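Enquirer: Sequence:
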Amino acid sequence: MTYIVTQPCIGTKDRSCVEVCPVDCFYDHPSEELNKKTGQEPAKAGDVGMLIIHPDECIHCGACEPECPVEAIYEDDDVPEQYQEYIAINTSVAEKYTEEELESHRVTSKE
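The opening residue of the sequence shown carries number 1 in the working numbering; numbering runs sequentially from there.
Hint data in this document are derived by calculation from the structure and do not stem from the laboratory.
Remember, predicted model here, so these are calculated numbers, not experimental data.
A portion of the hints provided could be inaccurate.
Stated by the list, open to error - Taking lysine to any residue and the SDA-like style, the derived pairs with C-alpha atoms no more than 20 Å apart in a straight line are:
1) K36 <-> Q82
2) K110 <-> D47
3) K36 <-> D14
4) K96 <-> D14
5) K37 <-> G11
Please model the entire structure based on the sequences and the hints provided.
Expert: Here it is, written out as structure tokens:
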């Protein structure tokens, strides 16, 4: 089991979830394509895309879920129907990078 970041993160990327994660399993997925698809402008200039949770690193502690101000984080078994595609997005992003590339996308603080 893991947690999944979904569409409401796009255009927000608040990062409050990152502050409470004990294992630093959040990564930046800078995808302009996601912003275009959803019609969401980035909250900060150039801060496109969304955060994802690496499914192999998440320890399922649940600390992140209540911290998200836009309710974008769900347990993988509880992702609403309209956000099901984000399960694959979280997984595929984590798998497509080399370890070095992945580390460069790791988000460990709100800043």
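Enquirer: Going through the earlier hints one by one, which of them does the structure break, listed in rising order?
Expert: 4
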